[in-house]
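Chemist: These are the residues of each chain, in order.
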Amino acid sequence: MLKKVLVIDDSALIHQMYKMVLMRYRCEIIDALNGQDGLDKLEKHPDVSLILLDINMPVMNGIEFIKKVKELGKYNDIPIIMVSTEGKEEDTMRGLALGAKGYVKKPFQPSDLHAIIEKIYPSK
Amino acid sequence: MGKELVQGSSLSALLDAFYSLDKRGRDGVTAVFRGAADPLSYSVLETGLKNHENDRVRNAAMEIYVALGERSLPFLISLLNDADEEVRTFSGVMLGTMQDRGAVPSLIKTLADPDMNVKHAAAEALGKIGDPRAVEPLIDTLATDMWLQFPAAIALGDIGDLRAVAPLISLLETPGVNVPVIQALGKLAHPSALGPLSRLLDEEEPSLREWSLEAVAAILARWPDSGCDLRLTQKATRAMIEMLSSSSLEARRNAAITLGCCKVKEALSYLVELSTDRDMGEVARKAIARIGR
Chain G
1 MLKKVLVIDD
11 SALIHQMYKM
21 VLMRYRCEII
31 DALNGQDGLD
41 KLEKHPDVSL
51 ILLDINMPVM
61 NGIEFIKKVK
71 ELGKYNDIPI
81 IMVSTEGKEE
91 DTMRGLALGA
101 KGYVKKPFQP
111 SDLHAIIEKI
121 YPSK
Chain X
125 MGKELVQGSS
135 LSALLDAFYS
145 LDKRGRDGVT
155 AVFRGAADPL
165 SYSVLETGLK
175 NHENDRVRNA
185 AMEIYVALGE
195 RSLPFLISLL
205 NDADEEVRTF
215 SGVMLGTMQD
225 RGAVPSLIKT
235 LADPDMNVKH
245 AAAEALGKIG
255 DPRAVEPLID
265 TLATDMWLQF
275 PAAIALGDIG
285 DLRAVAPLIS
295 LLETPGVNVP
305 VIQALGKLAH
315 PSALGPLSRL
325 LDEEEPSLRE
335 WSLEAVAAIL
345 ARWPDSGCDL
355 RLTQKATRAM
365 IEMLSSSSLE
375 ARRNAAITLG
385 CCKVKEALSY
395 LVELSTDRDM
405 GEVARKAIAR
415 IGR
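The listed protein sequences correspond, in order, to chains G and X. Mapping to the working numbering: the first sequence position 64 is 64, numbers consecutive. In the working numbering, each residue carries its 1-based index in the second sequence increased by 124.
Looking at chain X on its own, in the form it has when it is part of the complex (with noise of 0.2 angstroms):
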């Protein structure tokens, strides 16, 4: 289809037609709004994103505006100010897909949109760009409803700066939202949260558990000596031996790690177990060592 015959029925009906066509012909739908003009392709990509009846056209519509990538920069930075708060939602999803960091003073404006779902996208894409200029608005996003505390925890984690540490920690008393917190300070892997992360393995929900395992296992892989100045209770040592018979890997090397560093005398003989396992015989040597040392 040539440029100059292009019209705004042939695209509207090309992305009508989207996803009843193939890989192929998808991309060529793609290609044909790629090669027509921008105020042509992006006025039938807004009506087709704000196509209310029918999800599948502006399902189209998004897709092919991340694949215009930069290009769709500015129309999407426009619509973050449209006033229907779903295009609103739906442009912060497409540009934290796209992670262009050029979106990233928009995105944290819209942190103050009054949709919170809005809000929750921006949130969401700021910590898929993984810009460091996000990280105090993020930081004061923490203190806010649970809907953003969720996307903006995880957000912080995601973008690996330290000054979300100490924020990070001040929530982990708290209920709910101490879960996206405890895998950000997992991925943060800051000494300074050992402590208070290690007071949560003998929690008597499993999976808050598990997950803070997982934080402390991931901050003792980087920092094996913090182990030494850990005090973990009889309970959580309990609760972490019998994670070395755990069904998940993953929750057996995490107990390995910890218990390891935190040199438990009394996980050695299930650690000396291990060590001939073929998926653990590694990580369980490693811990007889240290404890050993």
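With the rest of the complex left out, here is chain G (with noise of 0.2 angstroms):
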């Protein structure tokens, strides 16, 4: 069940918009700026069960995040989904080889990213 999710986005804005989109999931919601403070928030809340990652952040960026987080080792069973834009396809493959759950696009409708979620928390 998604209880509790990690969002990390350099983006204020980007951060109230996923309030919205989660706000079906009745989730509590962490936020984070960057992958390095994605990586503090982990260790105060390691019960999250997900991550919604951005790719492209000042301090430590997305896929430098997952690096991290595979070398960590205690966080591996936690989904990461990605968010990209058009023109980083390399980055995503890197993400997803890395294990990244899936990934999404911006701009991205509210429907797009329930569909990822609900592959990762059915439902029923």
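Each statement offered as a hint is correct.
Under 10 angstroms between C-beta atoms, here's a sample of chain X residues computed to sit facing chain G:
1) Tyr143
2) His176
3) Asp179
4) Ala184
5) Met240
6) Trp271
7) Pro275
8) Val301
9) Leu332
Calculated Cβ distances over 10 angstroms to all of chain G for the following chain X residues:
10) Asp146
11) Thr154
12) Pro229
13) Val289
14) Pro291
15) Glu297
16) Leu324
17) Asp326
18) Glu338
19) Ala342
20) Ser370
21) Met404
22) Lys410
FYI, nobody ran anything at the bench for these hints, they're computed from the structure. Even for Gly, the Cβ is constructed at its ideal location relative to N, Cα and C.
Take the two lone chains, each set in its own frame, and fit them into one complex as the hints suggest.
Modeler: Next up, the structure:
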């Protein structure tokens, strides 16, 4: 069940959009502004059930974040959905090869994200 | 490093090393860019910005563009027309961070960019800059896709121009986009939004209910007497009384303000209980006084 989602994105506006998109799950949302912040938040919230990860961010980007998560090992069970843009196919492939469960491209519609979440956490 | 000695290659190397330096070192790199002539500085920065292979270099370039302030303005405005949509998006993001009103006309034009992410960045930037010239173009943007409605609604709330109130109210019934619309209406705090917002107070969805209450309370905090005209449903009244014991202090305060301004008599006993509370006491006592008036 989707109880707690870690959203890693450097845009405050995108965080608000996720709150709207995730509203139907009534889950707790933890915000992080870059990969490093995401790792810090994971330390505090190891019970996160899903990570939504922007690829392009300052300080630590999405791919570096996935690599760090893999190195640490202890968060390997948390599914990661990458959020990328057109033209970032190479990064997306790298992320998937590193273990990300799926991806959506900006601009996405709520239904795009719901469909991927549904695959990971089927409602029935 | 003397101005005359700075070369493109050394600036590129500094850009490359930017994130391996501490704050003082990064300030030093920025100072070198500041000291170099425009053609050299901005040629290296533009190359850095267009580096799709190394986002650390690109992010370093973006930080320096912003740090150079007004001087970067014509270069970033020009990059809003770059062939690469990612460069256009980043330019919009930087112009929003810089909050320079000189970028407003170009950002308004960018609302018609063919790429959705570029338009999104332009709308967000216009909200950050807060110039009323953007109000009408952003209102037009409200009639488009959710990906643009969202930043446009937020931007209209941030700009704070009352021309946006009616167009925003018309979107309150649209699922999804009503989330930023509720927030924007709370910021605009115009009493004409009270009735339409109060209808969302008995929403099934708790987050939507809480956001609506926040907006209603923001309006009532500015126009407390408007609450007398508000007709709350039994369900909304019950939900607000329940919110008086919410774990969120903000939700408790918003509920108390609204119940007080709407003179909800059945909330009195709950408010009396809160009247000695350290965090809620003052708000509760004011609400009690309003109901008793």
